[in-house]
Amino acid sequence: MRFIGMLRHDEGAEVTPATYERMAEFAREGRLNGTLVELGGLQPSAAGALVSLAGGRITAVDGPFTEAKELVGGYAIFDVRSRVEAVELGRRLMQIHLDTVPGWEGAVELRALQE
Amino acid sequence: MSEATAAGPDGVGDAAATRRAIEGVWRIESAKVVAALVRMVHDVGFAEDLAQDAIVAALAQWPESGIPANPAAWLTTTAKRRAVDTYRRHARRDRALQQLAHELAEETAVDPAAGVDHVEDDMLRLMFICCHPSLTPEAQATLTLRLVAGLSAREIARAYLTSEPTVAQRISRAKRTLARSGAALEEVPADERTARLATVLGIVYLMFNEGYTATEGTDWMRAALCDEATRLARILTALAPDDPEVHGLSALLELQSSRLAARLDDAGRPVLLDDQDRSRWDGGRIRHGLDALARSDRLVAIEGGVRGPYHLQAAIAACHSRATPSSTDWPRIAELYAELARCTGSPVVELNRAVAVGRAYGPDAGLALVEQLAEHPALAAYHLLPSVQGDLLERSGRTADAALAYLRAADLATNAREAELLRARAARAVEP
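As you go down the protein sequences, you meet chains A and B in turn. When you line the first sequence up against this note's numbering, it's residues 200 to 314, in that order. When you line the second sequence up against this note's numbering, it's residues 802 to 1233, in that order.
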């Protein structure tokens, strides 16, 4: 089963070069155990837009989306056998930030893809 | 390495959650751990026992200490210590082993992370060992699922629709065979690597087909077998990134598995390609399949332009993935089948070419090819030959002949679902 992992954190939270190194290692290991299909980062929300429907009206708002405190900054697609494995991979993503960015807070939201 | 801090300030949670997490770690890491141990102890069976002991130790310790930051290194180090202990016990009787124990002890004294230094080599060696030529294809597949995919004997038994004792027996017999042939000890010579890699690819391909063609069974593990094979192919692309056929196989399996959901109707009956609801094809897998095919294409170009069988099959699957039934590029597919027939010499491929030729240039062109193939002894009892014939006859308007061909195919089909489908086509062909 495949999961998308969405990494949420405060926009503008700085990460260290060590974070990138560990993420690269995470990606390499994921390829070697077959669990990682795709891993990517997102540009700041200023480069995107928010298109919404409310009260029968569709509106498009340019970023940054200050009203949302936590934004998705990166994503990963995992191919695993169970939710337990997906949770373990999520734990590792958090561990990387715990080890490399002092005071970092965030979350990885794991959602199973409809197959 | 500090294991306590790795658990985080609040630890990891309750013991039950840790147990579940350990299960996850094991599934993700077991191949890496076993592969590293095989390099050390030169014995697949012993390596697996050591790894199992390490996981038992983890179950005892991690609920207290939290999951270490690098669980694979922890498991490998623990298993290595057990190996050293075992060797020491033996060493009391055998001085030669004492030296080995000493060397291993020195190795385990260094940073545990060093235990996973040679991951790529170890994993590839493990796959080569699992597909050692002294084993039957069945044993190769079973051992690969066990050691590389980390499936239990029960799961493998379900996937292959056989009993757990049969699988357990197959595994232990395979390990004995390996031990006898000294397979775990040998380094695969460079010139043999390509040949051995072909065996590994073949096993992964067979594994996938095992799950794909038998999806008529209702057991979900059959689809899981396809998933495991697709994952193994993905691992191989990381282990042998310069081999075009590795990427070709990965592309093929991603593309084929993208159609899994559309291949059965609600009643569990097979749905043919033309009738499949293409909105149910998995776009993510298709994209990854096409990416892998593109990589394979670049590597083929570098290596002089000869395309292998997996690449060609993936290219055919890609044609379907890009098209609707009416926009399918049949001449291109017929060409690819011709190339595939040349490189495999398989009459079954030639039969598939007849289908494509029939779609591209009219049913009579296809029928001419099928008639030549009817002489082939390998296809004498192959139900798809009259089935293809029936399809082409029906398209050319010879409905009575078509119905007869379908019925002949139904008699030859071994799968009940398929026979049922063929009889239905026979009846439909002669409806006024």
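Some hints could be false.
[Said to hold, decoys possible] Computed from the model, here is a short list of chain A residues facing chain B with C-beta under 7 angstroms: (1) Glu210; (2) Asn232; (3) Gln294.
Because the hints were derived from the structure by calculation, they are not lab data. Where a beta carbon is used, it is the ideal one built from N, C-alpha and C, also for glycine.
Worksheet item: Quick one, is the glutamine 294/A hint okay against chain B at 7 angstroms, beta carbons?
Response: holds (6 angstroms)
Worksheet item: Any CB of chain B closer than 7 angstroms to the CB of glutamate 210/A?
Response: violated (24 angstroms)
Fill in: Restraint satisfaction for asparagine 232/A [CB to CB of chain B, less than 7 angstroms]
holds (5 angstroms)
Consistency with the previously given hints fails for number 1 only.
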